[in-house]
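Engineer: Modelling step: build the complete structure from the supplied sequences, incorporating the hints.
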Amino acid sequence: NAGVTQTPKFQVLKTGQSMTLQCAQDMNHNSMYWYRQDPGMGLRLIYYSASEGTTDKGEVPNGYNVSRLNKREFSLRLESAAPSQTSVYFCASSYGTDNNSPLHFGNGTRLTVT
Amino acid sequence: QKEVEQNSGPLSVPEGAIASLNCTYSDRGSQSFFWYRQYSGKSPELIMFIYSNGDKEDGRFTAQLNKASQYVSLLIRDSQPSDSATYLCAVGGGSARQLTFGSGTQLTVLP
Chain A
1 NAGVTQTPKF QVLKTGQSMT LQCAQDMNHN SMYWYRQDPG MGLRLIYYSA
51 SEGTTDKGEV PNGYNVSRLN KREFSLRLES AAPSQTSVYF CASSYGTDNN
101 SPLHFGNGTR LTVT
Chain B
1 QKEVEQNSGP LSVPEGAIAS LNCTYSDRGS QSFFWYRQYS GKSPELIMFI
51 YSNGDKEDGR FTAQLNKASQ YVSLLIRDSQ PSDSATYLCA VGGGSARQLT
101 FGSGTQLTVL P
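Heads up: the protein sequence lines correspond to chains A and B, in order. Those letters in the first sequence? Residues 1 to 114, per the working numbering, in order. Those letters in the second sequence? Residues 1 to 111, per the working numbering, in order.
Don't read these hints as lab results, they were simulated from the structure. Any given hint could turn out to be false.
[To be verified] Each pair of labels, with its calculated beta carbon distance range: (1) Ser18(A) / Ala17(B): 41 to 51 Å; (2) Ala17(B) / Gly63(A): 43 to 53 Å; (3) Ser52(B) / Arg77(A): 34 to 44 Å; (4) Ser8(B) / Pro83(A): 24 to 34 Å; (5) Ser84(A) / Tyr39(B): 18 to 28 Å; (6) Lys42(B) / Lys14(A): 19 to 29 Å; (7) Tyr39(B) / Thr15(A): 29 to 39 Å; (8) Gly3(A) / Arg60(B): 17 to 27 Å; (9) Tyr39(B) / Gly53(A): 29 to 39 Å.
Using N, Cα and C, we set each Cβ at its ideal position, and we do this for glycine too.
Structural biologist: Okay, structure coming up:
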């Protein structure tokens, strides 16, 4: 049982390049999330998907797009990377569709934009 | 005022002591409370959750919730060096659409 799997683990981009972060969960969870974590800023929600077929903006959505491909997979795309997007990105999932369920996190993607 | 506040620390305790981590929240409608542990360079890991006022114990960990005073705490008994990590408090069930995380408290257990 892998839980939440994120790829890649590390990535270096040049400013203006694009990339997609992949996330998959095998826990039959309904909701999936993308967070970024920066020193001193804590975890900040970028986008989430409360159920298959729906996506919503979080606290810091600018510069990102997401796709809930199916119940298992939720991808995060950076269309034109900027140095301000250098961060550690975590995908998470939860069983519930409200905000009362615990989150289970993937191992993270460390992204550097030069 | 931040919605979920934690003392950033660092908090240092000697091995074998009780570590006490505190979290306050502003939304009185909050219903669910979670503690995550995050080792340096790793992802957050759920260690406790509590929904009702009072204490909830799980091994060396005890979560305490006081909704009237709007705080939740985590006690770690018989602290070990392996408990050295950042502890994140998360609050849900209020007016926010998703869980709200505090910035975390860094705990160091000294051998």
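Engineer: Each hint: holds or not?
Structural biologist: Status of each hint after checking the structure:
no. : hint                            : verdict
1   : Ser18(A) / Ala17(B): 41 to 51 Å : 50 Å, holds
2   : Ala17(B) / Gly63(A): 43 to 53 Å : 44 Å, holds
3   : Ser52(B) / Arg77(A): 34 to 44 Å : 41 Å, holds
4   : Ser8(B) / Pro83(A): 24 to 34 Å  : 25 Å, holds
5   : Ser84(A) / Tyr39(B): 18 to 28 Å : 26 Å, holds
6   : Lys42(B) / Lys14(A): 19 to 29 Å : 28 Å, holds
7   : Tyr39(B) / Thr15(A): 29 to 39 Å : 31 Å, holds
8   : Gly3(A) / Arg60(B): 17 to 27 Å  : 24 Å, holds
9   : Tyr39(B) / Gly53(A): 29 to 39 Å : 35 Å, holds
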